[in-house]
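Given the sequences, and given the hints that come with them, work out the whole structure.
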Amino acid sequence: QVQLVESGGGLVQAGGSLRLSCAGSGIIFSSTGMGWYRQAPGKQRELVAFISVGGFTLYADSVKDRFTIFRNNAQKTVSLRMNSLKPEDTAIYYCIAKIMTYTYWGQGTQVTVSS
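Residue 115, in this note's numbering, is where the sequence shown stops; the numbers in between run on with no holes.
Derived from the structure by calculation, the hints contain no laboratory data. Note that the structure is predicted; figures quoted are calculated from it, not measured.
Calculated cross-link-like contacts (lysine-lysine; reagent style PhoX-like; alpha-carbon spacing at most 25 Å): (1) LYS98 to LYS76; (2) LYS98 to LYS64; (3) LYS86 to LYS64; (4) LYS43 to LYS86; (5) LYS64 to LYS43; (6) LYS98 to LYS43.
Now the structure itself:
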């Protein structure tokens with residue numbers, strides 16, 4: 001059974017930083033692409049960042065140069081370092097694991113950025 005458990009969300013002031021982490025189980029972590037999506041109130045879910053098995057990274061334009069995704073295969077975790085946070089980054093952040101054409105989702109963690 002695949003499980004993705006996020007942690008690290010919370011309330012932060014604009015300009016601040018947060019680090020989200022996701023622990024994966026039930027998957028061959030080192031062979032799985034991992035990423036983060038987010039969904040703000042009234043908006044569609046969007047891809048924030050993705051890291052492939054080989055370490056290739058992809059970021060949404062809105063977070064480039066502010067967010068960094070990295071993975072630790074030994075600990076089976078993927079993390080998202082978020083700097084220079086803005087109120088528009090407020091959303092529920094979801095960890096994802098992509099295996100072939102199927103995507104597994106975590107339950108999400110709330111990030112709120114106050115102005």
